[in-house]
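Participant: Protein sequences, first through last, are from chains A and B.
Everything in the first sequence is counted per numbering that gives the first Met the number 0, starting at 0 for the first residue and increasing by one.
Everything in the second sequence is counted per numbering that gives the first Met the number 0, starting at 0 for the first residue and increasing by one.
Any given hint could be a false lead.
[To be verified] Anything over 10 Å on all C-beta distances counts as not near chain A; from chain B, calculated: (1) G8; (2) R27; (3) N40; (4) L51.
[What the hints assert, rightly or not] Listed next, with one range per pair, are the computed distances between beta-carbon atoms: (5) A20/B / D35/A: 31 to 37 Å; (6) A20/B / G36/A: 32 to 38 Å; (7) W13/B / R95/A: 16 to 22 Å; (8) W15/B / R74/A: 49 to 55 Å.
These are computed hints drawn from the structure, not numbers from a lab.
Keep in mind it's a predicted model, so treat the numbers as computed, not measured.
Each residue gets a CB set at the ideal place from its N, CA and C atoms; glycine is no exception.
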Amino acid sequence: MSKIFGILLVITLAVFPKDAPQIGQPAPPFQGTTFDGKKIELNDFKGKVVLLDFWASWCVPCREEMPFLIDLYNRYHKSPFEIIAINIDTKLDNARKFMDQLSENVRFTVVKDSEQQIPPKYQINGMPTSILIDKKGIIRFWHTGFKASYKEDYISEIDELLKE
Amino acid sequence: MLKKLILMGFIFLWVWLSGCATVRPWERESLSDPIMIMDENPIDSGVKQHYLDYREGSVGATGEQSGGCGCG
Numbered sequence: 000m001s002k003i004f005g006i007l008l009v010i011t012l013a014v015f016p017k018d019a020p021q022i023g024q025p026a027p028p029f030q031g032t033t034f035d036g037k038k039i040e041l042n043d044f045k046g047k048v049v050l051l052d053f054w055a056s057w058c059v060p061c062r063e064e065m066p067f068l069i070d071l072y073n074r075y076h077k078s079p080f081e082i083i084a085i086n087i088d089t090k091l092d093n094a095r096k097f098m099d100q101l102s103e104n105v106r107f108t109v110v111k112d113s114e115q116q117i118p119p120k121y122q123i124n125g126m127p128t129s130i131l132i133d134k135k136g137i138i139r140f141w142h143t144g145f146k147a148s149y150k151e152d153y154i155s156e157i158d159e160l161l162k163e
Numbered sequence: 000m001l002k003k004l005i006l007m008g009f010i011f012l013w014v015w016l017s018g019c020a021t022v023r024p025w026e027r028e029s030l031s032d033p034i035m036i037m038d039e040n041p042i043d044s045g046v047k048q049h050y051l052d053y054r055e056g057s058v059g060a061t062g063e064q065s066g067g068c069g070c071g
């Protein structure tokens, strides 16, 4: 009987989700394809400060965040800074429609992840999640959700990472 | 006999509890659809609630369904 309990315990523990990567740890690598059809890897951006953002068109705070990401890109695109926005819409047309409605074109990297392979690597616990990765590929700041009051924090954190 | 019953009860409980799944944030696309609101006319009610929020200057406690982190 104890064998059966043991087997059930192992199976139960095996299906538990993995721990999320912590601040100070290397960002889990991933590969993806952008909406333009380019293949990218997170490692391609080593040497740059990366803002990794998980978003979807069905997520209200993500929709509110997107114009701010465009502002950030406009402000920092001449610096070693890149935004990688991971879109997790299962219907890609919804994401395209949303981006077309924005007052300005999205010029940063938007990865399509309709099969939602990348979020489990980071075990995000809310949408949107924005993760700031330094030039060495280390996770330095982590934001869950979006409010207008967060904007100043993002800017000061990016400035800090760019100075390093 | 008692041992068998306990074992069967435990297995039943395990199978039953393992049916409870956490919906991860990236899996909430269907849940964020207005159709998931427990209301006969969810879209109409959402619009009315939106007007009410602005008119009364108060928001919340409506059991509103939406996507995102819910921390906004």
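Participant: Does each hint fit the structure? Answer for all of them.
Facilitator: Do the hints match the structure? See the list:
1. G8: holds, 12 Å
2. R27: R27/B is in fact no farther than 10 Å from some Cβ atom of chain A, at 7 Å.
3. N40: holds, 20 Å
4. L51: Since the minimum Cβ distance to chain A is about 18 Å, L51/B lies beyond 10 Å and the statement holds.
5. A20/B / D35/A: 31 to 37 Å: For D35/A against A20/B, whose Cβ atoms are near 35 Å apart, the range 31 to 37 Å holds.
6. A20/B / G36/A: 32 to 38 Å: holds, 34 Å
7. W13/B / R95/A: 16 to 22 Å: violated, 44 Å
8. W15/B / R74/A: 49 to 55 Å: This hint holds: roughly 53 Å between Cβ atoms.
In summary, the structure is inconsistent with hints 2, 7 from the numbered list given earlier, while agreeing with the others.
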